[in-house]
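Peer 1: Protein chains in written order, with our numbering: chain A, 1 to 349; chain B, 1 to 320.
Be careful, since some hints might not be right.
Here are the simulated lysine-lysine pairs, BS3-like style, with alpha carbons at most 27 Å apart [stated by the list, open to error]: (1) A:213 with A:149; (2) B:40 with B:189; (3) B:40 with A:149; (4) B:289 with A:149; (5) B:176 with B:37; (6) B:313 with B:289.
Under 8 Å between C-beta atoms, here's a sample of chain A residues computed to sit facing chain B [claimed, not checked]: (7) 124; (8) 133; (9) 136; (10) 146; (11) 181; (12) 222; (13) 268; (14) 271; (15) 273; (16) 274; (17) 275; (18) 343; (19) 344; (20) 346.
Read the hints as simulated data drawn from the structure, not as lab findings.
Every residue, glycine too, gets a C-beta built ideally from N, C-alpha and C.
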Amino acid sequence: MLPAIAAPPQRLDQPDPLDHSFAQTYIRAYRWMLLARLTEEKLANLYRGGKVQGGVFLGKGQEAVSVAVGISLRRGDVFAPLIRDQAGRFAFGESILDCTRTYLGSRLGPMRGRDGNVHRGRPDEGMLPMISHLGAMIPVVAGTLLARKFRGQFGTVGATCIGDGGTSTGAFHEALNLAAVERLPLVVVVANNQYAYSTPNDRQFACRDLVDKAVGYGIEGHSVDGTSLADCLEVLGRAVDQARGGGGPQLVVASLLRLVGHGEHDDASYIDPALRNSSLGLDCLTLAEQHIVDSDWADGAALAAWKEDAQQQVEEAVATTTREPAPDPNEEDWCALASRHLRDGFVTE
Amino acid sequence: MITYLEAIREAQARALADDPRVYIYGQDVGAFGGAFKATKGLAKEYPGRVIDAPISEDAMIGSAIGAALEGMRPIIEVQFADFSTVGFNQVVNQAATLHWRTNIPCPITVRLPSGGTSGAGPFHSQSMEALYAHYPGLIVMTPATVEDAYSMLLEAVAIDDPVIFCEHKYLYYHLKADALPTEATPTGKARIARAGRDATIVTYSAMVHEAIACADELATEGWEIEVIDLRSVKPLDTDTVLASVARTGRLLAVGEAWPWGGVTAEIVARVATDGFGLLDVPPMRLNAKDTPVPFHPNLWGTHRPTARSIAAKLRDLLRL
Ligand SMILES: Cc1ncc(C[n+]2csc(CCOP(=O)(O)OP(=O)(O)O)c2C)c(N)n1
Ligand SMILES: [Mg+2]
């Protein structure tokens with residue numbers, strides 16, 4: 001007879017709230033969320049002061065799901081964030097200077113003034129720079145994974161985020177279907193904030209729940225409460241693990257509300273007050289902070305110190321960026337090709 | 001003898017053989033060998049590297065961009081150029097902007113079986129080169145010969161930028177050469193397909209052959225017509241065009257695509273702005289008619305330029 005097992009094995013999908021490493025992950029995630037929130041508040045201020053060229057698009061209320069994506073990924077994975085993913089970008093490894101430099105148009109930023117605000121990335125470090133066209137990044141992430149499959153390279157994951165509105169695009173459908181056919185380790189995270197700009201979900205799709213789309217593609221679907229950091233960490237962690245372990249594409253749908261306008265030009269007056277006052281309208285950052293306090297993971301002094309530290313990072317990054325040179329049209333080479341010898345001389349003159 | 005289509009197959013076979021980063025992705029390209037058989041036998045020769053795609057042009061081209069970021073050299077076969085509209089966004093907004101935005105190249109080749117054939121109709125006949133050439137960041141090739149179909153496709157795969165490879169379906173079986181070329185003219189260099197001194201026809205792709213047939217006909221009347229094959233419409237070899245017009249003083253730009261804007265308008269604009277003094281008479285253009293491409297051969301034969309309609313236009317030009 002085999003000896004009886006002393007204690008029931010820990011279920012992987014239910015992190016023990018007393019688990020030390022879970023508390024550490026949670027706090028790390030919280031601090032990225034905090035840094036994202038403070039960075040974005042600063043960007044909003046700069047925008048109102050006329051210091052930002054172009055628009056500012058914020059992720060207030062969406063930090064929990066975003067950070068959970070970034071923190072579940074590893075070096076070597078691929079991440080294509082979208083407009084409301086400052087928290088996830090930080091957690092994946094983006095420096096705050098990449099953010100401020102792109103928003104403020106520094107020549108030293110990764111986009112060198114050629115592209116702005118959320119349209120930034122470092123493809124050679126696995127972070128793909130979004131184009132504006134919604135849905136368009138999903139097939140590109142799928143392609144990076146396809147290449148790895150060709151090379152027999154397994155164990156990495158590609159993740160990308162999209163909104164409820166973006167699920168209506170052909171690209172979303174085509175890419176999920178392709179990824180399912182090739183059984184790629186792709187994680188597509190839908191931040192269902194109930195609106196696409198001003199358009200409510202009942203004008204966007206007619207299915208009962210977006211996660212039901214997973215069944216249609218023959219892939220795994222996950223629902224998550226986007227206001228709960230614990231829930232987001234758990235579900236995203238599981239989805240990423242499953243993709244990494246060969247479980248094929250994963251569709252994660254987070255329910256939440258964006259707590260700002262579509263962009264900083266927008267007052268979001270169209271958002272139904274009943275939704276605002278529902279549990280969807282809770283602020284994931286406030287809830288996370290409360291959870292840390294309630295769990296005795298940190299005291300008020302520690303929380304204040306974290307805020308102070310984040311605020312200082314933001315101020316330093318902005319101060320540094322403001323001193324940097326803007327792009328110079330006379331030094332710009334105005335060549336879109338990598339093969340310079342093939343540029344059309346007549347057009348470029 | 002080797003056909004234009006076989007040259008395309010051979011170029012892909014060689015690309016697969018020479019470069020492990022190359023793979024081919026498109027509808028029915030695998031065991032079936034492609035709608036036109038441009039990948040015949042390749043899936044068997046190169047297992048796992050010639051792959052059937054779902055009917056998802058956006059995702060096919062989008063995924064090629066992702067794979068290129070990973071260091072691959074994808075060749076995407078769009079079943080007919082016409083269907084590339086479904087993947088247009090990925091080409092013009094993603095592939096074409098990537099290097100400029102990030103300094104990271106995007107070496108993808110998108111093969112577009114292009115142009116009209118008898119009976120093909122509005123949705124299997126289009127010439128898309130001008131649309132793509134309009135966008136910065138793309139190379140647009142329009143080979144007119146078996147030799148160019150082979151060597152330019154190999155060059156397309158080697159180039160670090162996205163290449164739109166417009167191969168003409170009418171030439172697939174019609175055009176034959178004795179052997180594959182051993183040397184290649186570099187991309188960006190036009191070719192004088194037929195030398196002459198009385199007028200210059202500038203054209204590309206299947207229209208090169210209509211232009212040569214027209215020049216042969218006019219030669220019997222004593223006219224010597226120069227025919228320039230652009231080979232690639234972007235980059236466009238303006239120098240060769242201007243040098244020819246300097247010799248002849250007369251220009252006719254011919255294209256199978258529609259008349260509004262496009263390659264022929266670009267040629268006339270360039271010669272008018274940079275070579276106005278070289279012209280003895282106003283330049284002329286000849287294009288397809290401004291309607292969708294008709295299905296019935298009687299209509300199609302009149303919709304697109306032919307040796308006969310080019311000759312009529314040229315007689316006007318010579319009489320001026
Ligand atoms: C293909 C495409 N069409 C239109 C737009 C313009 N646009 C930008 S954001 C947006 C709404 C997006 O809504 P959703 O996907 O729900 O994301 P959210 O803004 O709510 O995060 C629209 C219509 C776009 N960027 N791309
Ligand atoms: Mg939305």
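Peer 1: Given residue 181 of chain A as an interface hint, is its Cβ closer than 8 Å to any Cβ of chain B?
Peer 2: Cβ of residue 181 of chain A sits 6 Å from chain B, so the hint holds.
Peer 1: Given the hinted pair residue 176 of chain B and residue 37 of chain B, is their alpha-carbon gap at most 27 Å?
Peer 2: holds, 16 Å
Peer 1: Would the hint linking residue 40 of chain B and residue 149 of chain A be met if the CA-CA limit is 27 Å?
Peer 2: holds, 24 Å
Peer 1: Should the interface hint for residue 344 of chain A be scored as holding, given a Cβ-Cβ cut-off of 8 Å against chain B?
Peer 2: holds, 4 Å
Peer 1: Holds or violated: is the Cβ of residue 133 of chain A closer than 8 Å to a Cβ in chain B?
Peer 2: holds, 5 Å
Peer 1: Per the CB criterion, is residue 124 of chain A less than 8 Å away from chain B?
Peer 2: holds, 6 Å
Peer 1: If you draw a straight line from the CA of residue 213 of chain A to the CA of residue 149 of chain A, is it 27 Å or shorter?
Peer 2: holds, 25 Å
Peer 1: Taking the least C-beta to C-beta distance, is residue 271 of chain A closer than 8 Å to chain B?
Peer 2: Because about 30 Å separates residue 271 of chain A from the closest Cβ in chain B, which is outside the 8 Å limit, the hint is violated.
Peer 1: Hey, does the residue 273 of chain A contact hint survive, CB to chain B under 8 Å?
Peer 2: violated, 37 Å
Peer 1: For the hint on residue 343 of chain A, just tell me whether its beta-carbon gets within less than 8 Å of chain B.
Peer 2: holds, 6 Å
Peer 1: For the pair supplied as a hint, residue 289 of chain B and residue 149 of chain A, confirm whether the alpha-carbon distance does not exceed 27 Å.
Peer 2: violated, 47 Å
Peer 1: Does the CB of residue 346 of chain A sit less than 8 Å away from some CB of chain B?
Peer 2: holds, 5 Å
The structure shown violates the earlier hints numbered 2, 4, 12, 13, 14, 15, 16 and 17.
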